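**Student:** On the provided structure of chain A, position chain B as indicated by the hints.
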Amino acid sequence: MTWLTLLVAAAACYLIKLAGLSLPQRLLEDPRLQRTVPLLPVALLAALVATQTFSTGGHLVLDVRAAALAVAGVAVLLRAPFLVVVAAAAATAALLRLV
Amino acid sequence: MQTCALSLLMFTGASQFAFVTVIATGGNPWAGVATASLLGTRNALYGLRIASLLKATGLRRLAAAQFVIDETTAMAIAGDVPSQSRFAFWATALSVFSLWNLGTLIGALATHALPDPKVLGFDAAPPAAFLALLAPRLRAREPVAIALAAALIALVLLPFVPAGVPLLIVAVLVVLFGLRPASL
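Which chain is which? The protein sequence lines are A and B, in order. Residue 87 in our numbering is what sits at position 67 of the first sequence, and the numbering runs on without skipping anything. Residue 167 in our numbering is what sits at position 131 of the second sequence, and the numbering runs on without skipping anything.
Everything labelled a hint here was simulated from the structure, so no lab data went into it. Being a predicted model, the structure only gives us computed values, none of them experimental. There is no bait here: all hints are sound.
Listed next, with one range per pair, are the computed distances between beta-carbon atoms: (1) B/V197 x A/W23: 25 to 35 angstroms; (2) B/D152 x A/R99: 27 to 37 angstroms; (3) B/A99 x A/G78: 34 to 44 angstroms.
Which stretches of chain B does chain A cover? Using the computed rule of at least three CB atoms under 8 angstroms from a CB of chain A, they are: (4) 42–49; (5) 62–74; (6) 150–161; (7) 172–180.
SDA-like mimics (lysine to any residue), calculated; alpha carbons at most 25 angstroms apart, straight line: (8) B/K154 x B/G63; (9) B/K91 x A/L53; (10) B/K154 x A/L103; (11) B/K91 x A/V57; (12) B/K91 x A/L48; (13) B/K154 x A/P101; (14) B/K154 x B/C40; (15) B/K154 x A/V119; (16) B/K154 x A/V84.
Note that CB positions come from ideal geometry on N, CA and C, so glycine has one too.
Next up, chain A with everything else stripped away, as it sits in the complex:
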């Protein structure tokens, strides 16, 4: 992680937030924009879940992380708090590696 990209990414995220507060309302009221923008985090987060669970260094793999994700999924369905979901997944992976 370099400082340059970190600062550029932070600046971009800040300017996006500022744009929402500053731009004329009608610019962002386009219904197609209203429909598309909420789908972006859905698609990106889902892609991150999949790639982080089923790959290592550019190869598809199936290992204990899949079981950990399943446990996280159950925790989410039970409306567990964020940190509990994450801890449950980590604990599952750690325990399965012990056996």
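**Tutor:** Positioned in the frame of chain A, the structure of chain B alone reads:
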């Protein structure tokens, strides 16, 4: 250091996690910048939604902008009158900002004391975190379908393109899908 700078300067969790993840998995840092920015676009819609409630101008607006995130927007639009919304926004902003950064600092210090992260299952933590961030957005059929398609496409692409690129292709596809003509 850099982790703490992310929480202070970027302050939008999903983008922070994605930025670190893309780089940690060997992706081009600029792919990380793009992914973080794309995940942050929803904050612009939040800002649009609450601009009329906050009525922040000048320096106040420059300060308020950094705090336009999921949590503060939810609290601001829960109020009935603008003065209540403003109070909810700033109170949530200050508490989430301080706790988020305190948590980051503790985490950054703690990782120095840790052995191999895999022993503690820490490599299973990022997908669980992303899933927890994703789940509240899946309350209708369309987002569920989009999520499944995005996950599948990213996995199919993964062996053939550099790290981080599957995310960008997925982003382009979902934008094309969202902006498609109404007749489709």
